[in-house]
Structure formats: C-alpha cells, structure tokens
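Chemist: Taken in sequence, the protein lines are chains E and R.
Heads up: the first sequence is residues 3 to 378, going by our numbering.
Heads up: the second sequence is residues 11 to 187, going by our numbering.
Rather than coming from a laboratory, the hints here were simulated on the basis of the structure.
Worth double-checking, as some hints may not be accurate.
As the list claims (entries may be wrong) - Sample of chain R residues at the chain E side, in silico, Cβ under 7 Å:
1) Ala33
2) Trp45
3) Tyr49
4) Ala175
5) Leu177
Claimed, not checked - Partial selection, computed: residues in chain R whose CB lies under 8 Å from chain E:
6) Glu34
7) Val43
8) Leu44
9) Ile46
10) Ser71
11) Pro72
12) Val73
13) Asp75
14) Ser112
All residues carry an ideal CB built from backbone N, CA and C; glycine is no exception.
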Amino acid sequence: MTRRVLMNGNEAIAEAAIAAGCDAYFGYPITPQAELLEWMARRMPELGRAFVQAESELGAISMALGAAATGARVLVSSSSPGISLMAEGMSYLAGSELPLVLVNVMRGGPGLGSIQPSQSDYFQATKGHGHGDYRVPVLAPSSIAEAIELVPTAFEIAERYRTPVMVLADGIMGQAMEPVEPHFRTLPPCAPDWALTGARGRPPRVVRSLHLRAEDLEAHNRDLQAKFRAIEAAETRWAEEGLTDAEVAIVAYGTAARVARTAMARARQAGMSVGLFRPISLWPFPAAALRDLAPRLRAILVVELSAGQMVEDVRLAVEGRAPVLFHGRTGGMVPTPDEVVEALRRAFLVNQPAGEPSFDPETDPLGLICAMGGRR
Amino acid sequence: MERSVVIAGFGGQGILFAGHVLAEAANAEGREVLWIPSYGPEMRGGTASCTVIVGDEPIGSPVVDRVDAAIVMNPPSLAKFAPLVREGGLLVVNASLVEAQSGRADVDEVRVPCSQLARAGGDDRLVSMVALGALIERLPVVSAQSVSQALRTIVGARRPEVLEADLGAFEAGRRAA
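So here's chain R without its partners, still in its complex pose:
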C-alpha cells in the first residue's frame, strides 16, 4: 500500500527535517520511499514543504495529486494543502498558529498545539517533531519505533545533544493526538 504525506509550514519549522525522519524510518523498515522537498525561492522566509511517499513497491510518480495525510504548520499551508487530502485522509493542524478550520468534513482533522508543545519541550524548532508524532499516532505510515530509530540515526550522528528533546517532542505529539 502506498501512502503519501505532505508536510508544510514556515521555513525554520523543521519541515524538511521531519520529512527526512519519516523517510529514514520507512527505509529502516526496508520499505520503498521517496522524499521530495519544495526547493523554490519560497523557502527563504516563506513556506517550505516536502512530500514523502512510502510504499511496498518502487515509488512511481514523485508528484502527488492527492495525499493520504497532510501536516500544516501555518495558515498558508492550510489553504494550500488541506484540499489535497483525499477523502477519509488525515489532516494534522498546528492549532497554535492556525485558527481557521479546513472546512473539510470528509477528513480526520487533528488539531494539536504543536508550537506550544515544542516550546514546553524547550525549543520552538521541535514543532515539526510534535506534528510528526501526532501523524504517526493517527496514521501509522511507519511504526513509532521506526521513527525513534530514525531520529537516533539522523540526530544521533549529527547533534546527539538534542536527541532526547526530539524524541520527547515526538512522544508529546503522539500523546496529544
């Protein structure tokens, strides 16, 4: 089964990183995965997004016209990506920054105060890990254990001092969902 997830928000919210963690988790499970970032000029101070497609067969199209799940971290991302979620799909909304509702009655909309939980965890930049936790709790595209393993692989290699904070933020997101 192929699952696609789009993660979108401000540059600096760790959007591409959260996608990378999800992709690494899928790889750790021995599955097929493709991670594609938006790399337009909008990345500088504006919106950033990435798409992660996870499957058991080699991934075909790198562009998706509908997604199984979207994480939206700011208002412009809600407007842009909420309509892309397939019927019955999952929409994780950062309720700390997004007041508006998606208006989608046909999706599972989970509102989590990601920015607040990140701040409680000690660093605003943990916000996307909180959201990823909420996503995996509601739609286990990969197992939570694989995400923890991926965090150890990626963060443990580069910045081991923040690993515990990342793992904590991920768990906080799971609990909040």
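The following block holds chain E by itself, in its conformation from the complex:
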C-alpha cells in the first residue's frame, strides 16, 4: 500500500482538478476556500497552465466562460458570497451549454455572514443560481478522499452533457486534513467539436445564450430540459449505510453526514436501529431511492448545517410515506453527535400507539428538533 499523505480539503480538490487535466483556473480569494486558490496559484504556472486571480468573482466567472468556450477544462472556486456574485455567469454558462466545474466551500450566511462552515447554500446550488430555466448537477463529497474522487467525475459530467457542474463542500471540509491515497484520477484531453478554436479551414461555430426569436429560445429550452432529464436518469448518486434493519433513517450530506454517522453509532449502542441515507448528487436528488425506502421506516430525520433546505426535497421525495423530522444548526454552528442522538430519540416517539409516550412534531413548541425549521 502506498503511504497515505495528509492533505487539507481545499488542496486535495485543487490537486484532483490538476490531475484531471484542468487547463485553466480563475478565482478570487475568500475564506474558507483560500488554500484552493493558493494551491492553484503555485501549481498551475509550474505546469504551464493558466491561473488568473481575477479582479472580482464576476470577472473570474466571465473569464472562465470565455476559456470554456475555447474547449478548455476550467475550474472556478469560491465561497458563498462569491458564489452569489457568480450567479449571472452560471446562468450564461448553462444557457451557452459550456462545461465548467465550480467549487463552493460554503460558509454561514446570509450576506457576508461568517467564515464558519455551513450548508445554507443548498437552495442556491440545487435550484439554480441565476435566472432562467436551468439545472446544475451538484456533487457533495463527505470526506476529503471522496472529494478527490468526485472532482474528475464533475469534469466528466460537465463535458458529457456540456453543462456547468458544482462541487458543494463546506468550511470544515475545506480546512480539515485527512490522510488520502496520493492517487488522483487523470482524464483524457478534451477536444470538443463545438469549441471556438479559430475557424480557419472550417465553417464557423457559435457559442451563445442569446436567442431573440421566441420559437428558437423555446426549442433551445426544450433541448436543455431533455438534457436535464438525461442527467436525472444517469447521474443520480447516493450512499446507504445500515439501512437494512433501520427503523429511522437519517438523511444528510457532506459534513452533516459525518456527524450523523457518529450519532448513528451512538444511537445503535443505545438500542436504536438507525441508518444513514446520504445523497451524493444533490441535483439530481436521489428521490426515487428515498421514496422506495420510506414505507419501511418509522420516521426520517434530516440533519443539515442550515435552517432546513434539503429537508424540502426529502419531503417532496417521500410524499408523506414517512414522517420527516429535521434538526439543523445555522450561522457556522455544527450539530453535535449528541444533539442528533437526542433528535433521533424523538423520531422514535413519532406515531406511537395510543397510550405510549409519543412525540408529535406538529405540537412540539421549541423542542430540539423544532429549534431550527422544525416541521413545516
């Protein structure tokens, strides 16, 4: 076995992108993803590739759009407020059908918020950042090793479907160090037949999001929607742990899933049969798998570093087949394993037979589960 090396998440993501053949990086410094940009600043010029620290996030995403139009493999990274600034560019990338990987190392919001870890950009990431009818595949690693695997996957999805793809991490994953196998997947170079490479000797190509005739734009939108359905059919990813005998399932992604895993172990020691359903692609959301699982469960507990965002997708997926409870912390706070165990205890008290001690999430005034978001 090769000796594993300690890497922090930001550096591991950057190195994974370099190994995957990233030709160009554009960014602007912001905590807690600064080490990603710093790593690229050092490594990309060493390799003769493009690194640009733009004058702003708007500049970075627009430069990235231009580079992507030439067929370059492009990485952009930022953290929450910077990602908001990139919303316009993401809409143009989606409309122009340009591949690109955007990394969001989330911090607490809204506004400038804090620099502490958060998952409160789930809505933004999964429901589209900018204007227009579009979707962006979102991959959410739960460990640094998984981030290393998912970065090349993100480039593959981006190029296979000509779409921007987001890798959604959080401040903990960006800052923490873990041992990783120093093996990074490489991808073959891309030479797409739509890229703007100079039209000498061939008919010109066009990359744009502008379609002034309504009929044309509707046809374009129809094509985009067909693409999104194809992505939903082929690119849905999730992981299951301990669900075969579980009465209650925790649904959590990223850092929250790691807290959930520790809580699950403690709960099982205390005699509660708990499993973990961990979405890896947040869009497309693994709704069908969750819907199939729900009827076997007494309840579902969603855990997030937010006031309750993914919980809406869980409820849509489950369609009432199991009660869905929520526990979350906001502003850079992270739920502790014991908090989650406490929430699990309540989940086991839902829908008890008459006369048994029970918990009704509708009526619990300010219990732990309802402290943030609660049953809505």
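With the hints as your guide, set chain R onto chain E.
Modeler: Only chain R this time, still in chain E's reference frame:
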C-alpha cells in the same frame, strides 16, 4: 478506539503545528485521523485551537462534544475547553501561564510549566511541543516514536535546523509529565 484531542492557546504558540504533528504521527502509524483547525477571526492575536481525532475506523463527526484529552496553553482556553474533557480524560495545563485550576476532580489534570521549559529549550515557540510530550506520556494516543518520526517528516522537510530543538522540547514535556 477513537480518541479526540483538542489543543488550544494563543495564536503563535504553535497550536496548529502541534496538532499537525499529532495527525502526521497517526498517519505514520497507518491509522485514521482528522485534523480540524479553528479558523475564525479569533486566530489573529487571540485564541487558536485545533482538534485531532485518531481512530482505527474512518472518522465520523469532525466536531466533538466531548474530548479524551485537552491541552490548554492559556487561561481563556482552560475556561473554554476544560469542561469538554470527558470523565476520566486528560487535561494538560500550561502551568507557566495558567494559574487557575480547572476544578475538574474527575479528570487527570497534569500541570506542566510548558512556557518555562520551552524557553529553557531556546525558543518560546516550542511551548506546544512540550505540551504534546506531556500528553503523549500520559495518554499515548500515538506512540512517542511516531511523534518523533512525524517531526522529522514535517520539520525535517521545511526547517531542518530547528528539528533537534523540537525533538528536545517533546522529550522535556514527556519527562515533566
């Protein structure tokens, strides 16, 4: 068995470095480990801390609600982290800067004059290596040999001229505990 250690003190005391050394030592033993720094604005001139979780299974939660051991290098860190130590856990206190007692009768409290020993070793910044030595002597989360190896890996690569001082400070901490 999963063990968690929090190391806390002033920025500049080598807090994050000591955690990095501990994490590298665990990695050298082929074990699972997660190192997470506090990266808030408090790092600038205020308190700094990091948590290191060492285990034989992949590490779950990166946040801990109780720790097996805490190293506290200044008074604010004692107040903040002493209550987090689990019953029967270890608390290493830098007695040079912390006069107050933790008031925890249910933990193994080791008071070591880390700053004094660091100064005797020639550099105030060795203070966290002294404390790490005390920790490993009382609670071998990793072996002392692995820590020495980790120091050679990390310091030997970057600043070989201070390696002997770091190793000496680590040994001084072990003896003092």
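Chemist: None of the hints should be skipped; say for each whether it holds.
Modeler: Hint check results:
Checking R/Ala33 against chain E: minimum C-beta separation of about 6 Å stays under 7 Å; hint holds. For R/Trp45, the suggested interface contact is upheld, since its CB lies about 4 Å from the closest CB of chain E, less than 7 Å. At a threshold of 7 Å, the smallest CB-CB gap from R/Tyr49 to chain E is about 5 Å, leaving the interface hint in force. About 23 Å separates the beta-carbon of R/Ala175 from the nearest beta-carbon of chain E, more than 7 Å, and the hint is not met.
The closest approach between the C-beta of R/Leu177 and any C-beta of chain E is roughly 20 Å, which is over the 7 Å cut-off, so the hint fails. Taken as an interface hint, R/Glu34 checks out: its beta carbon lies about 6 Å from the nearest beta carbon of chain E, inside 8 Å. For R/Val43, the suggested interface contact is upheld, since its CB lies about 6 Å from the closest CB of chain E, less than 8 Å. Among the interface hints, the one on R/Leu44 holds; its C-beta lies about 5 Å from the nearest C-beta in chain E, closer than the 8 Å criterion.
Because the smallest distance between the Cβ of R/Ile46 and any Cβ of chain E comes to about 4 Å, under 8 Å, the interface hint for this residue holds. About 4 Å separates the beta-carbon of R/Ser71 from the nearest beta-carbon of chain E, less than 8 Å, and the hint is met. At its closest, the beta carbon of R/Pro72 sits 5 Å from a beta carbon of chain E; the interface hint therefore holds under the 8 Å criterion. Among the interface hints, the one on R/Val73 holds; its C-beta lies about 5 Å from the nearest C-beta in chain E, closer than the 8 Å criterion.
The criterion of a C-beta within 8 Å of any C-beta in chain E is met by R/Asp75, whose closest approach is roughly 4 Å, and the hint holds. This hint is violated: R/Ser112 has a C-beta 21 Å from the nearest C-beta of chain E, more than the 8 Å allowed.
Checked against the numbered hints above, the structure violates hints 4, 5, 14; every other hint is satisfied.
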